[in-house]
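Protein chains in written order, with numbering that gives the first Met the number 0: chain A, 0 to 219; chain B, 0 to 276.
Everything labelled a hint here was simulated from the structure, so no lab data went into it. It cannot be assumed that every hint is accurate.
[Claimed, not checked] Straight-line Cα separation of at most 25 Å, SDA-like style, residue types lysine to any residue; simulated pairs:
#1 K207/A to A13/B
#2 K207/A to E269/B
#3 K78/A to R7/A
#4 K207/A to F84/B
#5 K207/A to D171/B
#6 K207/A to R181/B
#7 K207/A to P14/B
Chain by chain, the residues:
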Amino acid sequence: MPRRELLRVEGREQVGLYTLLRLERGGVDPGIPGQFFMLEAPGRLLPRALSLCLAPPGELAFLVDPVGPGTEALCALAKGDAIHVFGPLGNGFRLDVERPLLVGGGIGIAPLPYLAETLRFPPTVLGFRSAAHAEAAALLPGAEVVVDPVLVTDCALERHDVLACGPEPMLHAVARICPGAQLAWEAPMACGYGACYGCAVDIAGELKRLCVEGPVLVAA
Amino acid sequence: MLLNASGCLDALTAPDVARSLDAFVTKTITPLPREGNAPPRIAETAHGLLNAIGLANPGRERFLADALPRLRELGLRLWISVGGFCAADYAETCALLEGVEAIELNLSCPNVDEAADSAAEIVAACRAATELPLYAKLSAAHPDVGAVARAVEDAGADGLSLVNTLRGLAVDPRTLRPALARAVGGLSGPTLKPVALAAVYACRAATRLPIVGMGGVTNARDVVEFVACGAQHVALGTVLFSDPDAPSRIRAELAVVQVDDTRVAETLREFGAEVVA
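Isolated chain B, as found in the complex (with noise of 0.2 Å):
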């Protein structure tokens, strides 16, 4: 499957980009509403992006009440990304989601303070909570990705989502000072593929969970090597704010993309693509 990363794209301001992905991964939805980090919240680098959006959403309540039936209405696979400060935080969330394909829980969001509890404590909260698969979103920034999700997969998780954005910070070459309003951002784009291809490799090594790769896929060639390094399934993030057809650019390119190794070739065909093995 093609999805989006979470956080990524708007179904609701951008539903034509959302349908041409096979499921829609919302925003992360915290129990109460957060207006995010003051701006400036992006900054461009050499050969990526810096964020600090800071869980901008319009909390739990809202978006049961008003975002989520109007997803419902776009006739979109949902995912719904869930975060919060507390295990609690995110198992309360989890009940309350129903009729939606997965949940994807924000373990490893850099621009807000994190949970004090560890990934697998909330994971097993969730999983407590509800019968939805459930994937966790991990960051590459742990030493040992592959024993966070071991630890996960051993609290019940259903799959994973590699990886969340790193921290960077850009300086503004006037003022000297940090770019962005917070300083420190989310690094994503491009630069962070290595990264991305790494924790995906460590943790199809360590687990057989199924794995969403994510972290600068801009072409067909980037899919095939997450794909490659482990992945199930990719997500598109910093590309979507580049090119809102990347979705369908990928898919064409995909159909004429020359594979020898079966296994790939395979996985590839579920991306809706004729590969040529």
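Chain A extracted, bound-state conformation (with noise of 0.2 Å):
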């Protein structure tokens, strides 16, 4: 069982729309990247799935964007704060890929900063709705930008191992496009653990607990 550890917030910063939470580790393990933690939102019954964006020595950061009460709460933290924190949890990606390609859309480039630290920095793509959430882009120093009208499936992705996050249309398309990449799923979730069966997908004509079948899943 991942552990559940009440973390203090470091600082944070602003990347373009978003925000960065800095927490200290603690004893809590970084995970693989694509697996997920859940941060209690101060002032909420539930915590939020988060994956994990960096693993700095010591530290654990989330890219949170301020879509709703939960998750403003957490961008509102201030140093010295603490929140719980549960994980790691879920499926992070397979690294074992030969010609990795990084694709992430909009606040789902999260997790792709310590999964491309992983993978020694492999090509990135990167598609934004406004070039004011494309300044978070700053986080993938090297990835190619583009912003809508232009989407991530205009570039070429073809002989690629794919490992992608992003809204659920981009990530349709890349699979359309990839067979067999990696595709990181978002879900409401209230647990994280396979408790609840709230975060259920439809996998392969069934659906399925994306929390411990997931998040992250090989496109069919």
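Please dock the two separately framed chains into a single complex, following the hints provided.
Spelled out as structure tokens, the structure:
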């Protein structure tokens, strides 16, 4: 069973329209890129599921898009605050790939900096819906960046082992072009460890729990 | 005893959490496999959680052949939650169960079409099918839950599980449409506690059946309140989603809780807590 620990906030930084929340690592294992953590959202009943963005020494860093009361509360945390963190959870990316290409869309770039570091900075393509959102590409120096209406699928993805995270339409489009791609999906989760059955998604015609079967799944 | 609420824990994916409870209650088993409802299935509310999972389960045949043997290997005291759509559905599953500690009859899932048979008819059919202890899980939505409790007691129930979730709806702030695909779901969490306490209180006055109290328990004070209202046992539900360590944390809190009432203190000792009376 992964650990659940109270971790102090080390700091937060604005990355374009997103917030990079840096926590002390404590005894929590950063896990494999693509795995996720449940972060206590102050004032809310349920924690929020976030994949690890960066694992600097002694720290865990998460990229947060303030889209609702839980993520807004996480973005408002200040140095010295403390929240419970539970993880790592789920299945991350398989790292034994020959020609990796990272593909990210919007807040879906969150797990890619840690993944890029682990795979020694492979080629990366990032797509955003606006120039302001695209400022977050600073987390992945050297990445090719496209902004809507240009899409990541307009770039050459073939002949690579694609590892992707982004909005559902993007992942479906990547799957059509790149069978065998590793795709990190997202679903609302209450627990993150298989207890609530809230994150069910259709996997090969069956509804399965994304938290225990995913979040990284191989495109059929 | 400290238990989990049915559908709030999977012992096979989180055996350590299940072992930190006194007994493990399974997710409801129905005669046939059920995929459950389409996503989105959960939505957070101000002080609660709405779910419309829809009794997703492998069906009794696969449960008995696959899940139950693996649950037995974990060495847990097992309560099996049984569901269905008519009295015969429930009774046939009960007849197939043996070597478990108790059966909880889910008579009140808000996320599927209800069985046409009354709670008492279902309990009577199950009573004829098994000698295992039968706990009837009731909804607080009934205008007179005490009367339902008396009826299931007369039909042969050995205990009550109080309460199931209540129907609710959350609106997505952006689309202004229901947040859940099924629109309506079952409300759980702290927001449900006063409703659950009222049901426990009413049923304690109406019957002498042992009661498993549940609904928004998050700490030792909540456990004390349920016991004070008449529960012998307490189950943890939504709190397990945010805090898998809740069973051990609550036991630690109970160890230092101050209770003057001797009956309450006596019951709390059965939770493995050194209560200061």
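Hint by hint, here is what the structure shows:
no. : hint             : in the structure
1   : K207/A to A13/B  : 16 Å, holds
2   : K207/A to E269/B : 38 Å, violated
3   : K78/A to R7/A    : 7 Å, holds
4   : K207/A to F84/B  : 24 Å, holds
5   : K207/A to D171/B : 24 Å, holds
6   : K207/A to R181/B : 18 Å, holds
7   : K207/A to P14/B  : 19 Å, holds
Figure legend: structure checked against the earlier numbered hints; the only hint not met is number 2.
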